[in-house]
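Using the hints, position chains B, Z and Y against chain F.
The residues making up each chain are set out below.
Protein chains: 4
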Amino acid sequence: MSVLRIGHINLRVLDMDEAVNHYEKVLGMDVTHRDDEGNVYLKGWDEWDKYSVILSQAEKAGMNHIAYKVNADTDLDAYKQSIQDYGIEVEELPAGSLPAVGRMLKFNLPSGHEMRLYAEKEFVGTAVGSVNPDPWPDGLHGCGVHWLDHALLMCELNPETGVNKVAESTNFMIDVLGFYLVEQVMVGPDGDIQAATWLSCSNTPHDIAFVGGPVMGLHHCAFFLDSWDDVLKAADVMSKNRVKIDVTPQRHGITRGYTIYFFDPSGNRNETFGGLGYLAQPDRPVTTWTEDELGTGIFYHTRELVESFTTVYT
Amino acid sequence: MSVLRIGHINLRVLDMDEAVNHYEKVLGMDVTHRDDEGNVYLKGWDEWDKYSVILSQAEKAGMNHIAYKVNADTDLDAYKQSIQDYGIEVEELPAGSLPAVGRMLKFNLPSGHEMRLYAEKEFVGTAVGSVNPDPWPDGLHGCGVHWLDHALLMCELNPETGVNKVAESTNFMIDVLGFYLVEQVMVGPDGDIQAATWLSCSNTPHDIAFVGGPVMGLHHCAFFLDSWDDVLKAADVMSKNRVKIDVTPQRHGITRGYTIYFFDPSGNRNETFGGLGYLAQPDRPVTTWTEDELGTGIFYHTRELVESFTTVYT
Amino acid sequence: MSVLRIGHINLRVLDMDEAVNHYEKVLGMDVTHRDDEGNVYLKGWDEWDKYSVILSQAEKAGMNHIAYKVNADTDLDAYKQSIQDYGIEVEELPAGSLPAVGRMLKFNLPSGHEMRLYAEKEFVGTAVGSVNPDPWPDGLHGCGVHWLDHALLMCELNPETGVNKVAESTNFMIDVLGFYLVEQVMVGPDGDIQAATWLSCSNTPHDIAFVGGPVMGLHHCAFFLDSWDDVLKAADVMSKNRVKIDVTPQRHGITRGYTIYFFDPSGNRNETFGGLGYLAQPDRPVTTWTEDELGTGIFYHTRELVESFTTVYT
Amino acid sequence: MSVLRIGHINLRVLDMDEAVNHYEKVLGMDVTHRDDEGNVYLKGWDEWDKYSVILSQAEKAGMNHIAYKVNADTDLDAYKQSIQDYGIEVEELPAGSLPAVGRMLKFNLPSGHEMRLYAEKEFVGTAVGSVNPDPWPDGLHGCGVHWLDHALLMCELNPETGVNKVAESTNFMIDVLGFYLVEQVMVGPDGDIQAATWLSCSNTPHDIAFVGGPVMGLHHCAFFLDSWDDVLKAADVMSKNRVKIDVTPQRHGITRGYTIYFFDPSGNRNETFGGLGYLAQPDRPVTTWTEDELGTGIFYHTRELVESFTTVYT
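Protein chains in written order, with our numbering: chain F, 1 to 314; chain B, 1 to 314; chain Z, 1 to 314; chain Y, 1 to 314.
If you are wondering where the hints come from, they were derived from the structure by calculation, not from laboratory data. For clarity, every value in this text was computed on a predicted model and none was experimentally measured. Some hints here could point you the wrong way.
A pair counts as met if it fits within one copy or between any two copies, since identical chains are not told apart.
[To be verified] With a straight-line Cα cutoff of 25 Å, these simulated DSS-like cross-link-like pairs (lysine-lysine) come out:
hint, residue 1, residue 2
1, K50, K106
2, K244, K106
3, K25, K233
4, K25, K50
5, K106, K60
6, K106, K80
7, K240, K25
8, K25, K60
For reference, chain F alone in the conformation it holds in the complex (with noise of 0.2 Å):
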């Protein structure tokens, strides 16, 4: 059994037109469907499946739930098991409780943020097809995101009173959901409190992330773009549509991605994320970043975190 790669994001926004004018115009994903309570579902244009992210409207904006598709529907049951022999409860949701998705299990990360597994969803193949495809469609517009890439999910950490949600997260993904650890970020007088972590369910440096911070919160999600040059490309439409953008292009140490980080209209925080990095592998060492360094690791040119890095976030 395994996990195969982050299914969709349902995020919570405060206007939905802005919303989807802020995922279509400036992202360049597409609408895809739009259910009768007025969620609407989007997918980036390399993206085979229905739909990455569901827009919901809410009085707040952040994560309503995470979710991962398995390989096969077998794997839920062994999942459920496992799941609930880790101490975790699991409810199942029958397929269609989302559009288009089949069976799902339901349950919380230690950290408190509801992830979903599934095996199943529509299938409606990417913009240039399976058959003589061209490398990329017409019609390309705004960023042009490839896919949704990951997630980093901020998680309660008080070394003070010794809560570290960050490592139990962490450990449940390993130990249950079968992801490696990638890199990790150690701090304390002994380097021993595992601070944040990047896991990978696949060869990419993370399929999801873990922060420590003081409430758990969705820090931000991850869309993919090609190279450098696409990074360049997304930050001059973020300026023509007035993003706000809180970190401007520059390399992450960790992962060695090439990133921005901007806000959707209702403060979610979005990244592109450029570039392979490197190909993560179970044998290939995990990478260590220590205090003293952790603002080189997130931010690789200005080898300093700015503060809306750990204050800001939905």
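The following block gives chains B, Z and Y in isolation, referenced to the frame of chain F:
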């Protein structure tokens, strides 16, 4: 049990000094070992195991064997059984048969190419290390290739006699070694002859590929570069070093990658392969190229095959 | 008095609809005028004068004339005198001879190509305007070429008869029009035959170039792109539109630029030329290419001329 | 008579060893001369005159003088006259006043900055030479800057007292030295205060620039890089060398260029400026930035000025 990636390739070269100069100075690898028989072992800066290329003096260029690394030593027993069950003879070589490598399974693909599986190779670390690493090392030289990425093996294909070692080797990789099909070329009047395949055991578009031709051989082995800009720099480096370029920088339709085909001094075709292309996944639909668009698949810009593609290999 | 830059080129095309489609959809220019005789006028998004390409229906492809813009109307009088003093006949065409253009000087280069000089062309502005402009406009299409950059004119060169229209035209451009020599190819047993030249009236490596061949003609006209990444995108766009590419993305040794050579539907060779190359200056030493490295100069990666370079032109 | 380009800048540094290390190891220039007073002279690999940077030990950082190269020695006499006619005192320094430089005119801009003009500097050639040159040299190090590109001088501007040294210096450069205005920032209630200007004597968007502030000084001197990718590499090099970065890779709205602002060890602001931006021309309309979009003009992605831009300089 699972195969992690291509582990190394053993190439035959006609002049060892020239060959070492090529893989060191042009490709930018580093010699990590020389054995008593005069074989030379090299690795890319971003690889953590001791070597990925073995150069062996010979009268005739080509490939002696290609090796893949599996996840765990116990996988070797399971693979040994399943390969034998498939009807292919397997020899087990003791640890140390190759320097710095544990026990190996040795067998021939249906196409006749010698393949080996191993689980252990001496860890030496990447050039940037695993604690607060820079994204690239000081002292990069030549093309600065990251790692050995994949190989394309030429397999006997004769529609008239019905011999199709492409399809046979593809089936073996899928059924026995757990690879999955990512792209394929289908030819013939009914479009039912599998003339070339690209297979993955990870999330890259190809960890191995097969293409049909008159007789078996090595079409090329490929080394990874990050970007289209790195491919330009690589072509410049080749020109400075008077390397014989077969195909200048161009996009592949298949895999979307950025390629240069060129030859080592012995005539073995090399590739620098740039860009992620896309994230391959088992549930991503197989991309199929039809015979009339085969040229476009191989060389997206010229849209036609060069004669050397199918006639020149080792 | 001084020449500012190439102003426009008048190309003969065999099928106007196909030609307009090519320059609009593939190159990404915009039609800004059509006259009563059916000529079509286009400009790039980053040009501020009304047009830089005139397409004229004809039975045979090629160039009718090439025009350069001078700094001031009074320069025309001075140039008229100096051209006549050089022994070349000049005709003065009244304003309006070409739509939106002031009076013009019309004459033939020593090579026989018709050249025109003018000081005034209707100002229409770039697509981004001049007040708080974005770096690039919304609605970019095709290759999104910035501007007409230069042309390479094929001139009669016959070492046996001593005819060298390359050298004659080069001298004229320098002595009369104030251009300066930037690069040259010297061939022949004594290396004293100027077989090709690149000349600047600005700080770009070439505002016009001449190359020797059997008979006079247009080798290519070139359109500017920013970068190697834009050249990749341009090649992708050409493939999507089934444009016949002559030379895929490659670096020129001469000028250091990034090139694609391709043909419009009538067979006129176009180039997308990317990168600044370097900043040409009158006191920068002339770069000389010797006959044995001519191929390297033209195509830095392959280091050899393709036959079409000297035999196919219009 | 005409000014060709910026010839060199004489910077005051607090620690010569640290400074040389910075300009050599980080920027990638080469020391070409040291004089008896301990001044150090450096050039970029793509420059052909002997030096473009002079480092002088001092108690306080900043710029001693900025020098421009004119086309011919006779131009110096003409400029001497026209500068004096403008009411500015000129001193003529004999050849050899600076090593390897011919006679110089020395005067102060209306802003107070010392400027020099010269026609002769010892030719040493670029690192790739002028016969069959490679596009870039072996042995590139650090950021590998091509050449000194421009400087931005801080000029006294006080709308309340009506002092505007930006406008005065701009007029001088245009009226006396033959530069032309490319871009400008207009502020004040009526938008009629010229608060910053970018001027060209060539076809680059700026050979010199002026910006208003409380007191005169050097805002930054800039070094040329080809591309956005080279800017990324430069930022990586800076991080490796612990260089203090002021503004990470970002696009300027003004000039469209790709920038990094950073400091040499003495606190002088440097810039690596990448990309051509566009081809400036005397007949290209002047680009005007209004006060409300000033931030966008300077930093296109963040759309707002950082405080250090106007307060930190030398």
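If the cutoff is 25 Å on CA atoms, where do K240 and K25 land: within, between, both or neither? Let me know, please.
-> both (11 Å within a copy, 24 Å between copies)
How do K244 and K106 come out at 25 Å by Cα distance, when the copy is not named: within, between, both, or neither?
-> Neither. Shortest intra-copy (33 Å) and inter-copy (47 Å) distances fail the 25 Å Cα cut-off.
Within, between, both or neither: K25, K50 at alpha-carbon 25 Å = Only inside one copy: K25 and K50 sit 19 Å apart there, 31 Å across copies, limit 25 Å.
Given identical chains, is K25 near K60, meaning Cα to Cα at most 25 Å, within a copy, between copies, both, or neither?
-> within (23 Å within a copy, 45 Å between copies)
Measure nothing new, just compare the shortest in-copy and cross-copy C-alpha distances for K25 and K233 to 25 Å and report within, between, both or neither.
-> both (14 Å within a copy, 21 Å between copies)
Can you tell me if K106 and K60 fall within 25 Å by alpha carbon in one copy, between copies, both or neither?
-> within (22 Å within a copy, 60 Å between copies)
At 25 Å max between alpha carbons, let me know whether K50 reaches K106 within a copy, between copies, both or neither.
-> within (20 Å within a copy, 44 Å between copies)
Should K106 paired with K80 be assigned to within, between, both, or neither, using CA atoms and 25 Å as the limit?
-> Within. Shortest intra-copy distance 9 Å satisfies the 25 Å Cα cut-off; inter-copy 39 Å does not.
Of the numbered hints stated above, the single one contradicted by the structure is hint 2.
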